[in-house]
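Asker: Based on the provided sequences and hints, a complete structural model is requested.
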Amino acid sequence: MTATGAVILCLGYVLGLLLTKIAWGGYSILVLGVWLSLVIKRVWRSAPKPWVWLLAGLLGLVASFYFQFRLPQPATTEISRLIPPTKAPKQEWVVTGEVDSVPQLTRSQKAQFWLTVRQVDSVSGEVQYVDEKSPTGNLYVTVPLLQATGLYPGQLVKVMGSLYLPQPATNPGGFDFQAYLRQEGCFAGLRGQQTDVVEARSRWGWWQVRQAVVRSQMRWLGSPAGALVSSMVLGSRGVDLPFDLKDQFTRAGLAHALAASGFQSSLILGVVLALTRRFSAKVQFFAGTASLFVFVGLTGIQPAVLRAALMGFGSLIALVLERKVKPLGALLFTGVLLLLFNPLWIWNLGFQLSFLATMGLMVTVPPLTKQLDWMPSAIAPLFAVPIAAYLWTLPLQLAAFGVLSPYSVPVNLITTPFISMLSIGGMVSALATLIWSPAGSALAWLLKYPAQALMLVVDSFSHLPGNAYAVGTISAATAIALYILLSLTWLQPWWRKQWWVALLLAIGLVVVPAWQANAAMFRVTLLAAGQPIMVIQEAGRTTLINTGDASTAGFAVLPFLQKAGINEINWAIATDQPSRRPNGWGKIAERLPIKSLYVGNKHVLQGASLPVKPTPLAIGQPAQVGSSQFKLLSTEPLIAELHLHLQRWTWLGNFLPEQQEALLKTGSLSATQVLWWSGKRLESEVIEALQPQVAIATSQIHPQTEAQLRQRGVQVYAIERDGALQWTPSDGFKTTLESKENSSPAL
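Just so we're aligned, residue 1 is where the sequence shown starts under this note's numbering, counting upward by one.
Fair warning: there could be bad hints in the mix.
Under the rule of at most 27 Å between Cα atoms (straight-line distance), these lysine-lysine pairs were calculated in the DSS-like manner [to be verified]:
no., residue 1, residue 2
1, 158, 90
2, 110, 246
3, 563, 734
4, 680, 90
5, 497, 326
6, 133, 110
7, 282, 324
8, 613, 631
9, 665, 680
10, 563, 595
11, 326, 282
12, 631, 595
13, 133, 90
14, 613, 595
15, 595, 665
16, 370, 324
17, 90, 110
18, 110, 158
19, 734, 680
20, 370, 49
21, 448, 246
22, 631, 680
Keep in mind the hints are simulated off the structure, nothing from the lab. The structure presented is a predicted model; accordingly, all values stated were derived computationally and were not measured.
Answerer: See the structure below:
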């Protein structure tokens with residue numbers, strides 16, 4: 001078989017995996033293979049034989065079946081089967097199992113680790129069974145920090161807490177926690193309250209080496225410099241790097257620097273080969289292989305790391321055999337090999353970004369360097385490398401995050417020397433730690449000033465205006481079109497010379513559809529956050545009503561605004577009731593400018609320092625927000641009226657029964673089209689007075705109230721059950737999650 005035929009077979013397998021997102025995708029690649037086998041010779045005379053195309057189509061079909069076969073499924077004894085699928089009173093369990101990972105800090109300041117289930121008991125001590133057998137499976141466990149102190153892999157522990165089923169993305173473009181756990185072979189989580197060690201087993205593992213390296217580098221460097229150096233060597237997954245620092249690197253376009261990847265492995269391999277160049281090729285091979293093995297062991301099995309290590313190993317084999325490596329062929333072969341090992345990695349974002357960045361370096365750096373021939377020959381590649389990597393990863397980043405980092409290329413140019421120094425120095429320090437820990441600490445201390453310089457540069461760029469510009473997520477079709485344009489500039493000489501045409505087309509593909517959609521948009525979104533939060537988008541202007549607490553603002557509100565392409569809040573309305581937790585408005589203001597802010601009472605923004613002066617809302621006086629109106633009718637209890645695109649919405653806060661009776665006596669409630677309330681019980685007289693056509697509950701609906709609403713023919717939505725709710729004048733209401741209760745549109 002020719003090399004071209006082998007490439008086609010590999011591409012058939014990869015394409016079959018990519019089409020698993022489409023119904024009948026495997027069969028479509030088979031049909032494509034059959035069609036190409038019949039017609040390809042007419043347009044490409046030197047094309048491989050028809051049987052190659054047929055086999056490629058068949059491989060694509062097999063790949064789709066293989067993907068489904070490897071997709072984790074809950075066993076008959078899976079612990080998740082103990083959890084009722086519907087809402088039920090909270091139940092405490094005692095789960096006995098083996099710790100599978102070192103506890104790591106989460107953004108909610110809890111410790112997270114993986115647990116292999118051995119036994120499940122009720123709090124009363126009764127052993128639980130699934131299908132008359134002991135429950136099995138893996139659990140995603142979170143516990144208070146103190147409860148995780150001293151835990152390490154191999155220990156047998158008892159964890160008391162509540163089991164839960166992971167939820168899919170409940171907000172548009174949100175994080176799909178259910179899919180993430182499923183890829184890890186996990187179908188349930190445990191919110192632990194207390195842990196007890198049953199048996200302190202001891203077994204050797206790379207985690208011990210990682211912890212020794214982190215402790216050694218933190219000893220004299222301190223935090224966060226020590227954690228930064230350790231993350232350069234081990235990757236951010238193995239180090240509890242402060243989240244503020246992580247976010248700064250992300251906003252500056254340097255998230256890749258904190259993830260162990262091909263950059264570090266190529267640096268390490270390059271240094272090892274340089275140090276052993278006086279020795280024979282066999283010595284270089286064994287030294288290079290050992291360095292790659294240690295690197296993979298320290299960082300852990302991650303797709304990007306394995307890709308870099310396998311390609312490095314391939315170059316070592318070529319060194320011994322005195323043969324040249326074809327970079328693109330090696331990249332394709334490595335990718336197929338990894339996808340044979342784990343086909344689920346095809347949808348791993350780190351895997352995708354790693355391959356695209358590497359491909360960009362291979363195919364775009366040489367022509368780009370020629371275009372920069374007006375620069376000194378030693379400097380041109382320094383500019384070409386970050387530009388090429390940025391171009392080939394940008395479409396995927398826009399599809400996944402919807403954010404553009406305009407300073408990514410210059411900040412990469414400035415920080416590359418620091419990142420190289422910290423990566424090499426950190427690895428040398430780690431190796432010294434294995435010999436004598438104080439020596440590792442001393443070598444790490446030498447990296448203090450480079451680490452501080454890197455953090456200073458990142459901090460400066462992360463605070464520049466527009467450092468993370470939200471353009472909104474692009475469709476898969478747009479991303480594919482952008483990659484077609486990139487491929488044309490790589491493969492076709494005319495497009496390579498007229499690269500500016502491809503650039504203009506790419507900008508048009510991203511900007512024009514977004515501009516057209518925003519210009520004609522009127523969309524109301526009620527976010528699934530357990531608290532009343534509304535976003536109104538109208539012709540490029542945005543109104544935000546409430547943010548919840550700081551955690552809700554960071555995990556629900558900001559990600560939605562980012563993926564919707566929102567870069568400023570034109571009007572903000574705060575009616576949140578004061579709570580013990582920090583208010584979310586400060587977190588919103590850190591990332592997005594707020595033009596106008598209205599407050600329902602003076603206590604709403606307590607403790608929040610905002611750059612905009614709040615305007616109090618007077619009872620009964622409407623506030624104009626674009627073409628919509630917001631009128632506060634009462635603060636205690638909260639009642640507000642919204643006029644949204646010729647519709648009247650009534651928003652009710654938490655009502656006590658006596659407050660409902662008082663309102664009925666005063667006649668303050670009048671008919672409305674849409675009722676938005678907490679979900680708590682409403683008196684039948686209140687429902688009669690409001691006469692809503694649609695009722696929307698922020699959380700779980702009181703059963704009696706839901707029954708009364710449905711008896712009246714009211715369309716009922718529960719955001720906690722249905723996910724975020726979106727309404728447009730043309731399409732009506734749409735839920736994020738499928739719900740059998742709501743199969744017909746309303747309004």
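Asker: Determine for every hint whether it applies to the structure shown.
Answerer: Hint by hint, here is what the structure shows:
With a C-alpha separation of about 19 Å, the suggested pairing of residue 158 with residue 90 holds against the 27 Å cut-off. For the hint linking residue 110 to residue 246, the alpha-carbon distance of about 17 Å falls within 27 Å, and the restraint holds. With a C-alpha separation of about 18 Å, the suggested pairing of residue 563 with residue 734 holds against the 27 Å cut-off. Proximity of residue 680 to residue 90 is assessed by CA-CA distance (about 19 Å); at most 27 Å being required, the pair is judged to hold.
Note on residue 497 and residue 326: the hinted pairing holds, with a Cα-Cα distance of about 25 Å set against a maximum of 27 Å. Restraint check for residue 133 and residue 110: not satisfied, since their Cα atoms lie roughly 32 Å apart, outside the 27 Å limit. For the hint linking residue 282 to residue 324, the alpha-carbon distance of about 16 Å falls within 27 Å, and the restraint holds. As the CA atoms of residue 613 and residue 631 are separated by approximately 20 Å, the hinted pair is consistent with the 27 Å bound.
Proximity of residue 665 to residue 680 is assessed by CA-CA distance (about 20 Å); at most 27 Å being required, the pair is judged to hold. Pair hint residue 563 plus residue 595 holds up; C-alpha atoms about 20 Å apart against a cutoff of 27 Å. With a C-alpha separation of about 21 Å, the suggested pairing of residue 326 with residue 282 holds against the 27 Å cut-off. Under the criterion of a C-alpha separation no larger than 27 Å, the hint pairing residue 631 with residue 595 is consistent with the structure, at around 19 Å.
The suggested pairing of residue 133 with residue 90 holds, with an alpha-carbon distance near 24 Å, which does not exceed 27 Å. In summary, the hint linking residue 613 to residue 595 is supported, as the alpha carbons are separated by about 9 Å, within the 27 Å threshold. With a CA separation close to 39 Å, the supplied pair residue 595 and residue 665 exceeds the 27 Å bound. The straight-line distance between the Cα atoms of residue 370 and residue 324 is roughly 23 Å, inside the 27 Å bound, and the hint therefore holds.
With a CA separation close to 20 Å, the supplied pair residue 90 and residue 110 stays within the 27 Å bound. Distance check on the hinted pair: residue 110 and residue 158 sit about 18 Å apart at the alpha-carbon level, within 27 Å; holds. About 23 Å separates the Cα atoms of residue 734 and residue 680, which keeps this hinted pair within 27 Å; it holds. With a C-alpha separation of about 37 Å, the suggested pairing of residue 370 with residue 49 is violated against the 27 Å cut-off.
About 18 Å separates the Cα atoms of residue 448 and residue 246, which keeps this hinted pair within 27 Å; it holds. About 23 Å separates the Cα atoms of residue 631 and residue 680, which keeps this hinted pair within 27 Å; it holds.
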